[in-house]
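*Asks:* Heads up: the sequence lines are chains F and D, in that order. Going from the first sequence to the numbering used here is simple: count from 1 and add 822. Going from the second sequence to the numbering used here is simple: count from 1 and add 27.
Hints listed in this document are in silico derivations from the structure and should not be mistaken for laboratory results. Here the structure is a predicted model, which is why all the values come from computation and not from measurement. A hint or two may mislead.
As the list claims (entries may be wrong) - To spell it out: a stretch of chain F is covered by chain D in this simulated footprint if at least three of its residues, at any positions, have a beta carbon under 8 Å from a beta carbon of chain D; those stretches are:
| hint | stretch |
| --- | --- |
| 1 | 855-867 |
| 2 | 871-877 |
As the list claims (entries may be wrong) - Capping the alpha-carbon separation at 27 Å, the derived lysine-lysine pairs in BS3-like fashion look like this:
| hint | chain 1 | residue 1 | chain 2 | residue 2 |
| --- | --- | --- | --- | --- |
| 3 | F | Lys933 | D | Lys173 |
| 4 | D | Lys173 | D | Lys151 |
| 5 | D | Lys151 | D | Lys47 |
| 6 | D | Lys119 | D | Lys99 |
| 7 | D | Lys159 | F | Lys933 |
| 8 | D | Lys119 | D | Lys108 |
Built from N, CA and C at the ideal position, the CB exists for glycine as well.
The lines below spell out each chain.
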Amino acid sequence: MGFGTVAFDTLQTSDSKNTGTNKTLDTSFVFNGTSRHYLHLNGSTHSVLDSFNNSSTTDDGTGLATFTVTSSFTDANYAYTASRNGSTNNTFAFTIESPTRTTTTMSVSTKLSAASSVDMGDANSFSCSIFGDLA
Amino acid sequence: MTNTPEFQGTHLWDRLCWAKETLEPHQSDYRVVYEDSVDECAKILVPDPNWMACALQGGILPPVEVYWELAKDEAEDSFTKHTRGYLLHNTKPVEAMTEEQAIEYLIMKDCPQHVWRNWNQGNKPKMVICRKEQLPGTREWRNAWKITEELSVTDLAA
């Protein structure tokens, strides 16, 4: 037996036993809050470990990368979160910046802070997720 | 072989959801090395395995020309947001591609046009497709990587 499609506008809990009131949630709220792109990248080979809505990654140089999406965003005002794991040298802190972005690409740089310097640096792995409206 | 549903008119996002659940990712060994500017090191484009699965499957991705149209809109000074996103969803999807055809599509989608349209204009090629084993084994001196001067455009054309 195959499964069909269930269309609904609102989710409602059966929470009245615990809180005295049921809670409801508009399904568009769920959809709009869903990440529209995610990526987990090997920092040394730039090969993709897992992803969604990503067409390619570009190794732009030490600590520099560009990600390109398959389903474009409606504008470049989307929000992103990112993190990195490990580094090629001892690190006290790191920052991730996104200096340029379009509706289909996001360029990022990772900077590694050592005791007395801040340099561009590669991470062992890199993850990011983007939230925004799709075209 | 999984049959692709009729996706023309379906939002591209929904197609990608179907592909993520249904298709096995395909890790390609191909890499695209290109030089965007003479002042910068060579860049290396790596195909996404989930995207590659979509390309090999067929019936999911829009024609690459759709992305060019949207890029034209975005290049306008008056651009604020896309109003022709329907092109991604309503244009007939492309048929299944070979891995090599998929790489060509990806170059035309994700590499700067001034690179791939003029890749052979100059003393050496601006872009080379290679296998990952042909790249340096470590990232030492990464910011000095360039396409070798010994590679001539006529050699590649032959």
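*Asks:* Can you tell me if the stretch 871-877 of chain F counts as covered by chain D, using C-beta to C-beta distances under 8 Å and a minimum of three residues?
*Replies:* Our answer is that it holds, as 5 residues pass the Cβ test (under 8 Å) against chain D, meeting three.
*Asks:* Against the 27 Å threshold, does the CA-CA distance of F:Lys933 and D:Lys173 hold or violate the hint?
*Replies:* Roughly 23 Å between the alpha carbons, so the hint for F:Lys933 and D:Lys173 holds.
*Asks:* Take the C-alpha atoms of D:Lys119 and D:Lys99, compute the straight-line distance between them, and say whether it is at most 27 Å.
*Replies:* The hint holds at about 20 Å.
*Asks:* Given the hint that D:Lys119 pairs with D:Lys108, test it: the Cα-Cα distance must not exceed 27 Å.
*Replies:* 23 Å, holds
*Asks:* Under the criterion that the straight-line Cα-Cα distance not exceed 27 Å, is the pair D:Lys173, D:Lys151 satisfied?
*Replies:* 11 Å, holds
*Asks:* Do three or more residues of the stretch 855-867 of chain F come closer than 8 Å to chain D, measuring C-beta to C-beta?
*Replies:* holds (count 3)
*Asks:* Holds or violated: D:Lys159 and F:Lys933, Cα atoms, limit 27 Å.
*Replies:* With a Cα-Cα distance of about 26 Å, the restraint between D:Lys159 and F:Lys933 holds, given a limit of 27 Å.
*Asks:* Hint check: D:Lys151 vs D:Lys47, CA-CA at most 27 Å. Holds or violated?
*Replies:* 39 Å, violated
Violated hint for the displayed structure: number 5, the only one.
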